[in-house]
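The hints should help you fit chain B onto chain A, whose structure is shown.
Going line by line, the protein sequences match chains A and B.
Counting in my numbering, the first sequence runs from 770 upward without gaps.
Counting in my numbering, the second sequence runs from 122 upward without gaps.
In case anyone wonders, no lab produced these hints; they're calculated from the structure.
Any given hint could be a false lead.
Unchecked claim - Short derived list, chain A residues pointing at chain B, Cβ under 10 Å:
#, residue
1, Ala777
2, Ala788
3, Lys790
4, Gly793
5, Arg800
6, Val805
7, Pro806
8, Met813
9, Gly814
10, Arg815
11, Pro821
12, Leu831
Glycine included, each C-beta is placed from N, C-alpha and C at the ideal position.
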Amino acid sequence: MSAILLRAMQKDQSGTITAVKVGGELGRRIREMGMVPGTRITIMGRAPLFDPVAIRIMGGTLTLRNNEADHIEVEIANPGENL
Amino acid sequence: MATISIALAGNPNSGKTTLFNTLTGARQHVGNYPGVTVEKKEGSYTFATGEQATIIDLPGTYSLSAYSMEEVVARDYLVQEKPDVVINITDASNLERNLYLSTQFLELGVPMVIALNMVDVAQDRGISLDAQKLADLLKVPVIPIIARSGKGTAELMAAALELAKENAAWNPLHISYGEDVDLALQTMTERITAAGFMTENYAPRWLALKYLEGDNQIRKKGRAYNPALDAELQEIVTTVSAHLDKTMEAHPEAIIADHRYGYIKSVLRQEVITHKFDVDRLHASDRIDKILTNRFAGPIIMLGVLMGLYKFTFTYSELPVAWFEAFFGWLGTNVETLLPDGHLKSMIISGVIDGMGGVLGFVPMIMFMFFGIAILEDSGYLARVAFMMDRVFRIFGLHGSSVMPYIVSGGIAGGCAVPGVMAARTLRSPRERLATLLTVSFMNCGAKLPVLALLTATFFAENQAQLMFLLTLLAWVVALLAAKFLRLTVLRGDSTPFLMELPPYRFPTFRGLIIHTWERTWQYIKKAGTIILTISILIWAMMTFPGLPASEEDNFTRQHQEILTASPGPAREALKNEASPLPEEALQLKKKLTALDSEQAGRALRHSLAGRIGTAMETVSWLPGFDWRTNIALVGGFAAKEVIIATLGTAYSLGETDPEDTASLSETLARDPHWNPLVAMALIVFVMFYAPCFVTVVCISRESGSWKWGLFAICFNTAFAFSLATLVYQGGKVLGLAG
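The following block holds chain A by itself, in its conformation from the complex (with noise of 0.2 Å):
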């Protein structure tokens, strides 16, 4: 168990939010879209120029631009296991 940046994770790594590190416009709009400390996401992949990247979330696909994934801390799961 380690807590990362969410640019950093691969495609199809999963883990759980542990903290959004941003206020402002960008802030609660990456809160309401679900992101909020306690959620479970995956990669699901990046953009043909690996930007931006493609996550699940809640039983939805998100997108975000990797500056703004740079504001979301991630704890990833060990291959495996399921939280």
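Okay, now just chain B, sitting in the frame of chain A:
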């Protein structure tokens, strides 16, 4: 009972519009909320029991904060208009996130029914929901529906009617946001209640909550209402923020959002929702995405889709466009024979009929474009285009969705900026959208092409194909750099968060597509039509008045007479009787008369207001090397770029020049000593980048919600084009290219 008012609210992609269409059918009315460009849709519904309801389709939002126009509009509507019931439509396959908005409705206290939409999709995904349990826990009716087929909507409306009849007072839900926030909330609520602070419209605890969330709209209202109490409340917020920052490294608004989700999770955990499969399981939609957003295949498929949209819009609309043209041509011919010669006839033909033709000529194109985009939008593909293109467009301060308007406007040479400007509606980020609106007109639209083709064919015949290709690239470079320039100056500001949903792929409903297309097309006709007609008549007047002085008119009439009397009698007779084929002598006579008419038209044009403007402009237009004839043509080009060629022909006394057949004009230009490849190049760049045609200007103003931006487009583009053309001409002269 009076008509019941029902507000339809929910997340984007929750099926809100589908439900609205299912409930109201064609009985819809689209307008705008006062002062903003957000669409206001209303429709009517009749209950099985005979009661009437008005349904208002609120803009789709994820939250009720006051960051976007849509959110402000939705919230103001609920608070000020107090609808009898809110139907909150939620996506059952994505319930947890959808309930975030529902929770905020509960906090506001509006009477609400929750529609659990797409229960069939949820079931396919192995999600089973206990609607009754959810209703018990949230204390509001919850009705499972399938908006697409209409299943469950009767029950939904019955529940809404029942709730409306209860006419109960608003009953805000109180959630606990943690000890610190709760304590501050309590103190603030007490003070708000004691002072009667805006309590006629809002619940005290809700106001306190908005203060803690740092809601700008509420704060502004509060400051105006009671500055002393506003300061007091703000002080409490500052104190609790400092405390939370120290102890938890978080702002109150973050803690409030976390607790809202905590509340939702606690509700759903009580056996409301059960997943049969692993939540990460790949659905059909994800498998499609594996191909459509694949690193290699994705961009290629996207290119194909965009080319397809382009082809669909411009190729298939050709036939109806031709019908319109034929109709207005027929109308023109009839008026020609019916009315006596004179200004009235000239105004009706050149002003009214051509103007109407101008407005309606765009209609098929706009319809086809909106239909194509509606398919891409409703199916969910448009979000993928934004996803794939964002990295490129972000460099220029734009958004991934900007690609569509650029392509339609002529990113593939030959588009049209009018549907292009309208395609920018798919952008939700205000600054990015405006930058797109203002720069799409730099693309080489179909009306600029004949002008570019004429000039390249006349002066650069050997490299015409390569040059035309380079000009398309130049348009892209200029448009993107101009967008960047705007985003660094007048539209300065951080990029709007890109963060968005990639909704599951869905088959669009035919009814949805038709309503969507028709609505937007009708708006264009209604809003742009009247203005365009007015401007069209104005431009006609500019190019007609003042007419030639009487002495000169007489002079031309006399010459006409002289030619006739000098000609042999049989030739005159043959021409008069429109004999066919005309004998050689009559042909000669006709040619002479036409030449005289053309000369008169040329003189009249120079004498008119437009001609005088053109002549006066020579004082500056020598910089890019344009003479008065070119200037007049460019003034005329503001009506529509294809007019440039026709006007240039008139100015050179060649008579009406058909943009499709420019051989004589091309010869004249090649012979004229004023013209050389350098002048032609300067004119090419000027035509590409100067003021958009006024139909585009009208659309820019409409879409941006302000005439200021339409005017800005005229001035900014013309100034830019002028500088660039001057640079080309003067620079070329220095380099000795003027030969």
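These are the hints, each one checked on the structure:
1. Ala777: violated, 18 Å
2. Ala788: With Cβ-Cβ at 8 Å, under 10 Å, it holds.
3. Lys790: Result: holds, 8 Å to nearest chain B Cβ.
4. Gly793: This interface hint holds because 9 Å falls under the 10 Å limit.
5. Arg800: For A/Arg800, the interface hint holds, since the closest Cβ of chain B sits about 4 Å away, which is under 10 Å.
6. Val805: Nearest chain B Cβ about 5 Å off; hint holds.
7. Pro806: holds, 6 Å
8. Met813: Result: holds, 7 Å to nearest chain B Cβ.
9. Gly814: Since chain B brings a Cβ to about 7 Å from A/Gly814, closer than 10 Å, the hint holds.
10. Arg815: It holds, given that the least Cβ distance between A/Arg815 and chain B is near 8 Å, below 10 Å.
11. Pro821: At about 6 Å, which falls below the 10 Å cut-off, the nearest Cβ of chain B leaves the hint on A/Pro821 intact, so it holds.
12. Leu831: holds, 6 Å
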